[in-house]
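Residues per chain, in single letters:
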Amino acid sequence: MDVSQYLVLFLEEAREHLQSLNQCLLELENDPTDLSVLDEIFRSAHTIKGMSATMGYTDIAELTHNMENVLDLLRKDQLKANHVIIDVLFQCVDTLERLVEDVANNENSETDVKGLIQQLSALTKETGAEPLPIVQEQVQVQKQPYLLSAFNETNLTDTEIKMIASAEKQGLSAFEIQVNLREDCLLKSARAYMVMNVAEELGDVIKTVPGTEDLENGNFDQQFQIILLTSANQEKVREEILSISEIETVNVLACIVSELSIEKKAIEPDTIQKTAVIPNFEDVHVPEDKVDVTPVRANTATHEKRLKGGQSVRVDIDKLDNLLNLVGELVINKTRLEQIGTSHRLGDLTETIEQIDRVTTDLQSVVMKVRMVPVGQVFNRFPRMVRDLSHELGKEINLIIQGEETELDRTVIDEIGDPLVHLLRNAVDHGIERIEERQAVGKDPVGEVRLIARHEGNNVVIMVEDDGKGINASSIKEKALQKGFITKTDADKMDEKELLHLLFLPGFSTAATVTDISGRGVGMDAVKTKIESLGGTVEIETKVGSGSKFKIRLPLTLAIIQALLVQVSQEIYAIPLSSIDSTIHLQPEDIKTVQNQEVILLRGQIIPIVRLGTVLNIPADQKEQNDLFIVIVHTGQQRAGIIVNDLIGQQEIVIKSLGNLLKGIKVIAGATILGNGQVALILDVSSLMK
Amino acid sequence: MAQDTDMKEEIQLVIFHLGAEEYAFDILMVQEIKRMTDITRVPHTPEYIKGVINLRGSVLPVLDLKIRMNLPETPITEDTRIIIIKMEKVLVGMLVDSVSEVVTINSSEIELPQGNSGIVAENYVSGIGKIDQRLLIILDPRFIVDLV
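Chains as they are written, first to last, in numbering that gives the first Met the number 0: chain F, 0 to 689; chain Z, 0 to 147.
Calculated directly from the structure, the hints in this document are not laboratory data. One or more hints might be untrue.
Said to hold, decoys possible - Cβ-Cβ distance ranges computed for the label pairs, FRET-style:
hint	chain 1	residue 1	chain 2	residue 2	range
1	Z	Asp78	F	Glu538	57 to 65 Å
2	F	Gln604	Z	Asp78	53 to 61 Å
3	F	Arg14	Z	Glu31	39 to 47 Å
Owing to the predicted nature of the structure, the values given are computational and were not obtained by experimental measurement. For every residue, glycine included, the Cβ atom is placed at its ideal position computed from N, Cα and C.
Work the whole structure out from these sequences, hints included.
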């Protein structure tokens, strides 16, 4: 079956549901009695099962099916959610994640689901209850056998029959829907697809005749049938489907399964049920009021959710990038118009430009907002990670997340995950002490790790805090001396802050022992490099005995930045404002030479000087300038002064790439287009300092 | 009118000049031809990269074909043009002395380059076209850029 066109959708949704499964399982672990969480879990598992079965990923479908069995028992209170069960469910989620990623990478999955399925079956066996619908009960259901026109019962597998029967018990109705397309319908497959969509919004489609593959390829005459389990009534189903164009008639018939066929099939379960436990009739003890209303509620909730989902639109990130580019161009042209307006003193034009200015500013902020994604998307996976780590290490840790609604540009979000993983692992592994240690110093045995995001001016600040043992500056000093990163004389001169920043040196690790989790000495410098490549900074605050705090400061977006335009000889360059400390005005004789390095003295600090003309091979101006402009820039703790001929001014610039051909040029971070249409290059401050 | 089967094999060439010689690109690779514009020099690049220009909001590099092909330099004049070449993932400008015309040529009139034709920079040549008495050296931009 050609399902490749739905693959992207499948992957996105599957990942979303897996994420929610992870989250809900964590909640369930904290409060095993919370039924609404269970419903949510059940719904996610069910959706994944449905999707994967349609796409033909049998492993995923089978695993989720067995998960459902266990979840169903939990929901019916026949099983208690203890940590054994939750651990197994977590393992299932992990396996599902692997399976889904295998699908994404187009790899043949070698992940084995058999073991887990057996574990799940064992769990259901413990209660003595039968997995999905209880067969015995269905036998008691007294209903007139109904001869289905297209689905002669022999065509239905026993799973399908059971699904219909159990749906009826949950207050859902099963409908056989016969759809006749108009004779002149051109895109039969498209119409069929739309019908399926509508049907799936109403409930669950369990069977189609012809099969979904044929429906999608349009391999049918004017007519097809589907069986739908839904909470909606007959008339509503009919109306919804008729609202699709090019449909001649729709017949909706209630479909009832005869008890005979169930009995017969129950004795010879088909292959899907093979791994599940064959019901042991004597042991089934189901209370009469077992048919509760929860499933129905769950179903309506899903519908509401789906309808709500219809109000947002999934957009390819490329399209958004394109939109942003166009807005960027508009901004450039607006600046150009402004220049014309001022240089020709055109009053009318200036007024109109002010209007345009307002509109473009709004447009720009809207587009930027569209690209914004809440950090929660990244934070979501951390509770699970911290839980697993703390179990592994035998620590008890409470992860507190705040400000997950804080929004950041999509490009930043994609990159921020890894550094945060490093910091959190460090906090859990090295920061938080063992339970005994904590008790010995009179701390709460449960450690606390906080992950906080918030806005601060034009930045977003993300903090990873722990209430652990803190970082001992003198042990860093020893370690650095021992590894030869610094000399004794240097070390004695350094203050605590400088010592802490040694942590970010490549190959530095303070952990006495290298554990599986962290301490291999690759973490912190990777964190720093990544954050800085995003235009951000990292700071450390720590207090021995009471914990440490890592503060990451990030720009809201990477696409449009504030920059200072400077002139060197005849060329114009842009320096990102975020890396500028100040600009100063000096005489040539203020520049001193120390060990062949030009430096200036600024407020008692020695700052090395970079001559842009030399670094960028700019053809020199003949005349020697008497006044020098120096832009003091910084990356991390390092500072440097850049000598330029003139400061042009501060401006908002749109960052453009130099293209494939010119990528990887040192000292140039990109290009931008100025108001006059000229291209100016953006300096990469950190590489200027090396 | 004879339905010549060779008709299908006709290709169109954009003819341009480098110094005294005539060269050509396949028109399918040419996106547009632009007058000389401000070129921003990019430091730390080979000499034949003249810099970058602004093409309606995108920044793209411009190559000086003469320097690339080791031909003697000529001054920039009114006739100087930038031919914008579109390749799979790369958009690049080629600086040439002038662009004269577009000609249609039958592919049977194109000879594949010989090993020792004596043409400068024969690595970039994809064929030699003959129209009347003229010899057109057809360059393949992919060869020119690939080596960048």
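A quick look at each hint next to the structure:
1. Z:Asp78 - F:Glu538: 57 to 65 Å: Cβ of Asp78 (chain Z) to Cβ of Glu538 (chain F): about 58 Å, so the range 57 to 65 Å holds.
2. F:Gln604 - Z:Asp78: 53 to 61 Å: The hint (53 to 61 Å, Cβ to Cβ) holds, given that Gln604 (chain F) and Asp78 (chain Z) are roughly 56 Å apart.
3. F:Arg14 - Z:Glu31: 39 to 47 Å: 42 Å, holds
Figure legend: structure checked against the earlier numbered hints; every hint is met.
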